[in-house]
Structures are given as structure tokens and as C-alpha cells.
Amino acid sequence: MTEQGKFARSVVGLSAVVIAVCAVVVTVNVVNAQPPRLLDQEAVERQVAATVRGGSDMSRDGVFCPTAMEAKKGNVFECSVAVGGGGTDFAKVEVVDDQGKLSMDKY
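Residue numbering for the sequence shown follows the numbering used here, starting at 17 and increasing by one per position.
Since the hints were made in silico from the structure, they are not lab data. It cannot be assumed that every hint is accurate.
[As the list claims (entries may be wrong)] Derived lysine to aspartate or glutamate pairs resembling DMTMM-like cross-links, with alpha carbons at most 25 Å apart:
no., residue 1, residue 2
1, Lys108, Asp73
2, Lys117, Asp77
3, Lys122, Asp77
4, Lys22, Glu58
5, Lys108, Glu94
Construct the complete structure from the given sequences, taking the supplied hints into account.
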């Protein structure tokens with residue numbers, strides 16, 4: 017029984033070390049995680065308004081874009097814009113680079 021007791025203590029000790037190492041690895045990964053860079057909501061809505069309304073009205077009134085859009089190349093989303101006469105136009109917006117440069121098309 018003495019041999020079994022030594023073995024059990026060794027397994028418990030080794031398990032504690034493995035758990036401690038895993039906890040350190042998880043902690044380091046969480047601390048080093050960077051939050052995503054988000055687009056400036058106001059600036060995006062003003063650009064969409066200018067694109068859809070022909071540059072004459074950059075007011076954000078009536079412009080609806082998704083919130084918290086990540087400034088990640090290839091990210092695509094749609095915005096709606098209220099236009100005169102009660103109508104609604106739309107713009108497809110694509111993030112062109114990781115710096116937040118946008119390309120948009122009215123449809």
C-alpha cells in the first residue's frame with residue numbers, strides 16, 4: 017500500500033502542476049487579447065448619406081447602419097437612407113483595408 021500511496025501523491029502533484037500551467041496560459045491569452053478596431057459610426061453614416069443623397073446632404077438623420085462594425089478588410093454591410101418623398105435607398109459598404117477605408121455603392 018505504501019507504493020500505491022506514493023504513486024497517488026505523485027499523480028495529484030503532477031495534476032496540480034498541469035492545472036497551474038494551463039491557468040497561466042489562459043491568463044496570458046486573455047491579457048494579450050486585443051479588442052477589435054471598430055469603425056466610427058458617425059463618420060460612416062455621414063459618408064453613406066453623402067453617397068446616397070449625392071453629396072448635397074451629409075446629415076445623419078434617417079441613416080441606419082449596423083453598429084459596432086469592425087474595421088476589417090473585406091467586411092461588408094448594408095445601410096438604409098431615408099430620402100425625400102418618404103422613400104428609402106440603400107448603400108452597400110465594404111471595408112477596403114484594415115485602416116477603415118470604405119467603398120460604397122448606392123442601389
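Now the hints, each set against the structure:
Under the criterion of a C-alpha separation no larger than 25 Å, the hint pairing Lys108 with Asp73 is consistent with the structure, at around 18 Å. Proposed proximity of Lys117 and Asp77 is supported: the alpha carbons are some 22 Å apart, at most 25 Å. About 17 Å separates the Cα atoms of Lys122 and Asp77, which keeps this hinted pair within 25 Å; it holds. For the given pair, Lys22 sits about 66 Å from Glu58 by alpha-carbon distance, which is inconsistent with the 25 Å threshold.
With a C-alpha separation of about 5 Å, the suggested pairing of Lys108 with Glu94 holds against the 25 Å cut-off.
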